[in-house]
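Start from the sequences and build out the full structure, keeping to the hints where you can.
Chains A and B, in that order, give the protein sequences. Its first residue numbered 1, the first sequence is counted upward by one per residue in our numbering. Its first residue numbered 78, the second sequence is counted upward by one per residue in our numbering.
Hints are not guaranteed to be accurate.
As the list claims (entries may be wrong) - Restraint ranges, calculated between C-beta atoms of paired labels, are given here: (1) A:Q69 <-> B:I172: 48 to 58 angstroms; (2) B:N157 <-> A:L48: 12 to 22 angstroms; (3) A:L48 <-> B:K80: 18 to 28 angstroms; (4) B:S132 <-> A:Q69: 38 to 48 angstroms.
Said to hold, decoys possible - Okay, derived cross-link-like pairs now, PhoX-like style, lysine-lysine, Cα gap no bigger than 25 angstroms in a straight line: (5) B:K80 <-> A:K24; (6) A:K61 <-> A:K43; (7) A:K24 <-> B:K152; (8) B:K152 <-> A:K43; (9) B:K111 <-> A:K43.
In short, the hints are calculated from the structure, not lab data. For each residue, glycine too, the CB sits at the ideal point set by N, CA and C.
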Amino acid sequence: MSKSELGNNIRRLRFAHGEMTQQKLADIAGVTRQTIIAVEQGKYTPSLTLAFKISAAFNLKVEDVFLFQPGETIPKG
Amino acid sequence: MNKTQKGAWFNLGGSLFAICVFSWTGFMLFGLRKFPNKVFMFATLAGFFVITGLSLFYIRKKQSPKEPESDERDKLIQRNAVIAAFVSVWVLLFIANISLQLCFGAGGLIPVWSLAIINVAILYVVLIVYSAAVLVQYGRGGPDE
Chain A
1 MSKSELGNNI RRLRFAHGEM TQQKLADIAG VTRQTIIAVE QGKYTPSLTL
51 AFKISAAFNL KVEDVFLFQP GETIPKG
Chain B
78 MNKTQKGAWF NLGGSLFAIC VFSWTGFMLF GLRKFPNKVF MFATLAGFFV
128 ITGLSLFYIR KKQSPKEPES DERDKLIQRN AVIAAFVSVW VLLFIANISL
178 QLCFGAGGLI PVWSLAIINV AILYVVLIVY SAAVLVQYGR GGPDE
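Given below as structure tokens:
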């Protein structure tokens with residue numbers, strides 16, 4: 001799958017939220033850990049629903065977790 | 078590695094093994110005009126048992142009780158793989174028809190059983206394309222952090 005133009009702060013936020021594991025975030029969002037890894041690394045652009053679920057896991061707005069970076073391929077965090 | 082990836086590895090291994098066995102058998106029967114020897118037959122049988130045994134590899138403990146069987150990314154990957162497989166069917170059918178016409182001419186004749194072999198071969202190649210498409214899209218999963 002191609003790199004996403006959607007950057008994210010998931011990795012930083014996980015560590016800020018008591019070193020939350022990818023598996024725990026996956027359980028909260030209702031997806032597999034592989035999907036969380038792919039989203040975190042910017043290899044997969046999540047659906048709007050999944051983006052909201054991930055943001056809700058951190059009690060943040062979508063725009064605080066995800067950011068649109070046209071032309072950039074490296075995820076933040 | 079999830080269920081879909083394991084299935085893809087299994088199909089890939091099984092299909093490649095079957096294609097090798099059938100190709101070699103075909104070469105012996107029609108090329109060398111010899112019946113395959115017992116060693117080859119036992120090796121093939123053992124190979125099929127090994128591949129069947131590998132289906133135990135499907136048994137997978139969930140990493141978490143809440144882990145879903147598949148999610149949106151899995152479905153997208155499977156859909157893309159199905160499209161790749163579907164395209165490959167038409168490409169292979171076209172190649173099969175053109176190559177037969179080139180080999181035997183427009184008015185040439187082929188035995189009826191060879192059609193069944195061509196169909197089975199296309200089926201295996203399509204399975205390989207599907208499995209490869211799944212595996213390529215998944216790439217490598219990183220360690221838990």
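Structure-based check of all given hints:
no.	hint	in the structure
1	A:Q69 <-> B:I172: 48 to 58 angstroms	violated (43 angstroms)
2	B:N157 <-> A:L48: 12 to 22 angstroms	holds (20 angstroms)
3	A:L48 <-> B:K80: 18 to 28 angstroms	holds (26 angstroms)
4	B:S132 <-> A:Q69: 38 to 48 angstroms	holds (44 angstroms)
5	B:K80 <-> A:K24	holds (20 angstroms)
6	A:K61 <-> A:K43	holds (21 angstroms)
7	A:K24 <-> B:K152	holds (21 angstroms)
8	B:K152 <-> A:K43	holds (16 angstroms)
9	B:K111 <-> A:K43	violated (52 angstroms)
Hint compliance for this structure: hints 1, 9 are broken, all remaining hints hold.
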